[in-house]
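Assemble the dimeric complex from its two separately framed chains, guided by the hints.
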Amino acid sequence: MPDGWNYRRGERESPRSPFDLIEEFERLDADVDVLRLYQDGITNIIFIGRLWPLWRGGYDLLETFAHYHHRFNLRSRLYLVLPEAPRRSGESTELRRAIDQAQLTDVCTWTVAVTAAQLKAYYLITHAFLCVSQYPDVTDYLVLALYHRTPIVAWATAPVRQLLGEDALAWDEFNSALLAQSLRQCVEDHRVTEYLRQRQQARFDALLASVQNPGSPERDQR
Amino acid sequence: VKVALIVQRYGPEVVGGSESLARHYAQSLARSCTVDVLTSCALDHVTWRNHFAPGVSPDGSVTVRRFPVDCERGAYWFDQLGRMLTGPTTVEDFLRYPQCKQAAADRVNDWPYALQRETVRRQGPYSSALLAYLREHRTAYDAFLFCTYLYPTTYFGMQCVPRERILFCPTLHDEPMAYLPIYREVFQRPRFTIFLSEAEQALAQRLFDMHGETEVIGMALLPSPPVVEVPPQTPGEYVLNAGRQEPAKGTEEMIWTFLAFKEQHPSELKLVLIGKEVYPMPRHPDVLPLGFVSEAEKFALMRRARAFIHPSAFESFAIVLLESFQTGTPALVNGHCAPLVEHCSRSKAGFAYVDRAEFIALLWELTTNAPLRDAMGKAGQEYVRERFSPEVVGRKLERAVRAVATAPDRSHRPHVVRPQRSLS
Numbered sequence: 038m039p040d041g042w043n044y045r046r047g048e049r050e051s052p053r054s055p056f057d058l059i060e061e062f063e064r065l066d067a068d069v070d071v072l073r074l075y076q077d078g079i080t081n082i083i084f085i086g087r088l089w090p091l092w093r094g095g096y097d098l099l100e101t102f103a104h105y106h107h108r109f110n111l112r113s114r115l116y117l118v119l120p121e122a123p124r125r126s127g128e129s130t131e132l133r134r135a136i137d138q139a140q141l142t143d144v145c146t147w148t149v150a151v152t153a154a155q156l157k158a159y160y161l162i163t164h165a166f167l168c169v170s171q172y173p174d175v176t177d178y179l180v181l182a183l184y185h186r187t188p189i190v191a192w193a194t195a196p197v198r199q200l201l202g203e204d205a206l207a208w209d210e211f212n213s214a215l216l217a218q219s220l221r222q223c224v225e226d227h228r229v230t231e232y233l234r235q236r237q238q239a240r241f242d243a244l245l246a247s248v249q250n251p252g253s254p255e256r257d258q259r
Numbered sequence: 408v409k410v411a412l413i414v415q416r417y418g419p420e421v422v423g424g425s426e427s428l429a430r431h432y433a434q435s436l437a438r439s440c441t442v443d444v445l446t447s448c449a450l451d452h453v454t455w456r457n458h459f460a461p462g463v464s465p466d467g468s469v470t471v472r473r474f475p476v477d478c479e480r481g482a483y484w485f486d487q488l489g490r491m492l493t494g495p496t497t498v499e500d501f502l503r504y505p506q507c508k509q510a511a512a513d514r515v516n517d518w519p520y521a522l523q524r525e526t527v528r529r530q531g532p533y534s535s536a537l538l539a540y541l542r543e544h545r546t547a548y549d550a551f552l553f554c555t556y557l558y559p560t561t562y563f564g565m566q567c568v569p570r571e572r573i574l575f576c577p578t579l580h581d582e583p584m585a586y587l588p589i590y591r592e593v594f595q596r597p598r599f600t601i602f603l604s605e606a607e608q609a610l611a612q613r614l615f616d617m618h619g620e621t622e623v624i625g626m627a628l629l630p631s632p633p634v635v636e637v638p639p640q641t642p643g644e645y646v647l648n649a650g651r652q653e654p655a656k657g658t659e660e661m662i663w664t665f666l667a668f669k670e671q672h673p674s675e676l677k678l679v680l681i682g683k684e685v686y687p688m689p690r691h692p693d694v695l696p697l698g699f700v701s702e703a704e705k706f707a708l709m710r711r712a713r714a715f716i717h718p719s720a721f722e723s724f725a726i727v728l729l730e731s732f733q734t735g736t737p738a739l740v741n742g743h744c745a746p747l748v749e750h751c752s753r754s755k756a757g758f759a760y761v762d763r764a765e766f767i768a769l770l771w772e773l774t775t776n777a778p779l780r781d782a783m784g785k786a787g788q789e790y791v792r793e794r795f796s797p798e799v800v801g802r803k804l805e806r807a808v809r810a811v812a813t814a815p816d817r818s819h820r821p822h823v824v825r826p827q828r829s830l831s
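Residue numbers (the working numbering), protein chains in the order written: chain A, 38 to 259; chain B, 408 to 831.
Worth double-checking, as some hints may not be accurate.
Simulated coverage check for chain A against chain B, where a stretch passes if three residues somewhere in it have a Cβ under 8 Å from a Cβ of chain B [unchecked claim]:
no., segment
1, 67 to 78
2, 159 to 173
3, 182 to 189
Hint data in this document are derived by calculation from the structure and do not stem from the laboratory.
Quick caveat, the model's predicted, so the values are computed rather than measured.
The beta carbon of each residue, even a glycine, is placed where N, CA and C say it ideally should be.
Isolated chain B, as found in the complex (with noise of 0.2 Å):
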């Protein structure tokens, strides 16, 4: 079976869940396929400047073709499409209210498709040459495998092949984008869709008519690298976040509560921050940011944490969180963030917030009783176990390829869209 899984970055270098992910898939996959990868030149995710060299190159058994973007994401996009895009809600606001979720898909229902197609296209990154590669090849892989569905390498490249030989991993969430009417095609196209949460599967069911079949598979975590020490500069006592630190991702909301926090409650927990500092955040002596850390340096905190901090609210899966839960540390999440609490509450290994008040009480519980903290920490390692283990996932992965593959060619009839169904 030969696949080309599609995806707007790639690499061991690129920093980002769905790119992770697409890379799991990718050398899961290549056990049993041939995988092409078809992805961009861009490594940065803002710009989406191009940073590798086009062409092809190896990643162990995966073959990597790379194609360069046709024009960086700039002031148009952030100022302009986007702006109109999210309106005067802020992410907040469109989080809390459901009144703030119907008028941003009020907002957007009638523009024209024309522009809609304009903000998914500059949204970027855009590859004429990846999509010519697309329309070239059509015939010559069994499955291609679209991941994530925001971006135009997935809502342009599905228009490129026949739509029997579709697969599709979206992981969406639920952001003002994803109420753009012009995903609805991107949703009902595939022949298959794999998702990595109920909580996600039922938020694609509520906003698209989807059409195909679907399965719950999520993505394997593979066994926890060898003990090694923590960094030098790590403190006693603290608490850890793990990922990109930016706005969108709630890292700035969650360092101002964590001081509140500090102010009711004054000991020496530090905040711990791992990972890549997007935009500049508040510096505080009881917040240590590490910057990049080691992937056994990462398991390393992550283990000797009181508990791991999930401030985002838009995750389609959370590989950290569960990576926390294999080293046997309990979590605080996002209580916005549907998926991030279906693993809290089916493991039984994290507390949700929604409001700074309930941040402080659960991180008091989850800092300061130790035998509670045992217990989830226990009840999270089972939880990874059970359903996230590399022949698991390998195995629902390798079905769904097949089905996908060995699906009668029906491209000769024509594919209608259905009309969009009121959020109500």
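Just chain A, same shape as in the assembly (with noise of 0.2 Å):
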């Protein structure tokens, strides 16, 4: 998580569960300038985890989300939010060129080390959690978008099924166009907001009380 991450190493400190950042977010102030920034009205889709080294995954988020901007959405926009900074000189040039190459270049921007204020502003102005990625250690931004009600789709590794079961647009078989349909559904239809809000909402219920109370029946279904 953000605030446990030793940037210069790229590795994390200390354990942090997302449920203590949850903790730190009920008290803390989102950052302004991040909120203010962001608020024009234009749809804010998210991705938060790791990219690298395994950069495969980086492209498949990016093949994702220009089928969705340049097919359904042109106000639509990418935030990368990477816990990490790229350890070598040609990772961050190789994300430039993709995105570039994605004709991405003025919606897609990414962001490295932000603190919990931005971190906690970033899923307040996201209008959708696009998963794709094969880091398991992903799933604890999910758990962060499951407590903020924010809308994932998702490309369902096994770390990220078990997770979020059905309570989401989680799809086994990477296929972007599907994503980029889920997307679209997910931002336009109200009604598709509200059903996948609800499940999300039972889910992170669930998934507390098992934090909470383990060996409950809840634990126990997971």
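Structure, rendered in structure tokens:
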């Protein structure tokens, strides 16, 4: 999680559960610069998690968003919030080149080393969380998305499926067109948004109960 | 029947319309039910700073349970979230122009749910202890009466209890906050919703696709206290305003308009203000702020006033307006506030103005035409007697509580919030 990362070494200093951060979020004021900048009526899609060294996920993510942006919603943008700074000089260049190639130069921004206040602000301004990642630790950020009731559209790798179950628009196969269409559904169709929000709320509540009462029926169901 | 009444602040020291209503409902219900009031430790509605000690205390036959507020309201809400909500629109423009209302609705329509939730939560008073108590005691009460739609005590509190047991008194105003789509949940969840006026009910139907039963119940007015002398500094001829003095209540605009009236019609007439000066108001020899006065003095001042002025645009009931009717004093009210206009047009005991010129013309009529004033005064007294006697209101309120308390438990059914409707 952002505050637990040593950005110089690129590793976790002290493991923090997402529930620790949720407690902090409840007290914390969101970063006002982020809030002010992105309340302009444009649909904000977010990805938070690792992209390297398994860079393939980055291409998949950009391909999905490019599909959504160019076909369905030109008034949209993608934020990549990356907890790890690139360790090799070539990594950020590669990311920039991939963004340019997908013709997303003006609508895709990426940032590293965000503070908890900034991270909270990103969640607050987000209309959907797009998760295309092979890293299991992306589930920490998905828990935060569940807490914020942010609609999740995901490529369901095993840990993602285990976390979300059937309570998000999660697909077992990677298919950028399908994921883009799912994004469109959950952003444009208020019935879908509402349905997802209620399912995700129930999911989060069950998850929280299982953390607070290990051995409870909710935990066993998971 | 065991009732929990949930309200943002509570107590005789608390000044506020919806809080007075909540206390009145609690005491009225306590005659036939066991009533617990669940509230915060706050006294000040600006900061929600903890003032009262947490714990249990009595208020007559009502049990009050107070819970600490998690964090105070400060610059984060006032300068950021609140400003994002209202945008560049001023209160006057919002009230005057339908396009500004539409713009307010459009601005927040696509706000992510998380941002809306944060806005409600940080508006305060948010008390995690109160919510934990509600979750823990969700089956211990036959009915949960939530007062005021605006605050997290209601929005988050309703999610902690079975919706079949929810009774709701929204005290809804036509204000920018009401256009946050998140409030659809609040209006669609209750089993029974109590409105204070037909205008409030119509606004709720327009903004939210409501479920459940509704009824206009209002609030009972107690008989006027025994007649006492007015405070010694009271002038001979005056018009009166009572309540919190702050821009949101239209006090400042009223003062400037009254001074414009005095320029056109020089006389000995003064404007007397009673109540808390929340924000500093303009000073002038023709404007006399008397601060807090006793209930009996308030009624004495009302009785002797030439007219009562209610300049607020954000009211769902307006107790002080009806109290002035009760004393036989006619009123001049803000015509942008539908419930105030409703009281005046139904009672024929008041005039509504929408701009400065109308204010001046109508105030001139009220202060110079004694027969008209007397006729309007009598009409106002009759209106209050017929509609807002303790017996009439108490009966309706008790019926609403019993409808909820005896409703079959269907909490196993999933609750689906209907999608939003366009304003048009």
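Taking the hints in turn, this is what the structure says about them:
Here the segment 67 to 78 of chain A counts 6 residues with a CB under 8 Å from a CB of chain B, which clears the bar of 3, and the coverage holds. With 5 residues having a beta carbon nearer than 8 Å to a beta carbon of chain B, the segment 159 to 173 of chain A meets the requirement of three or more and the stated coverage holds. With a threshold of 8 Å between beta carbons, the proposed coverage of the segment 182 to 189 of chain A by chain B holds, since 3 of its residues qualify and at least three are required.
Going through the hint list in order, the structure satisfies each hint without exception.
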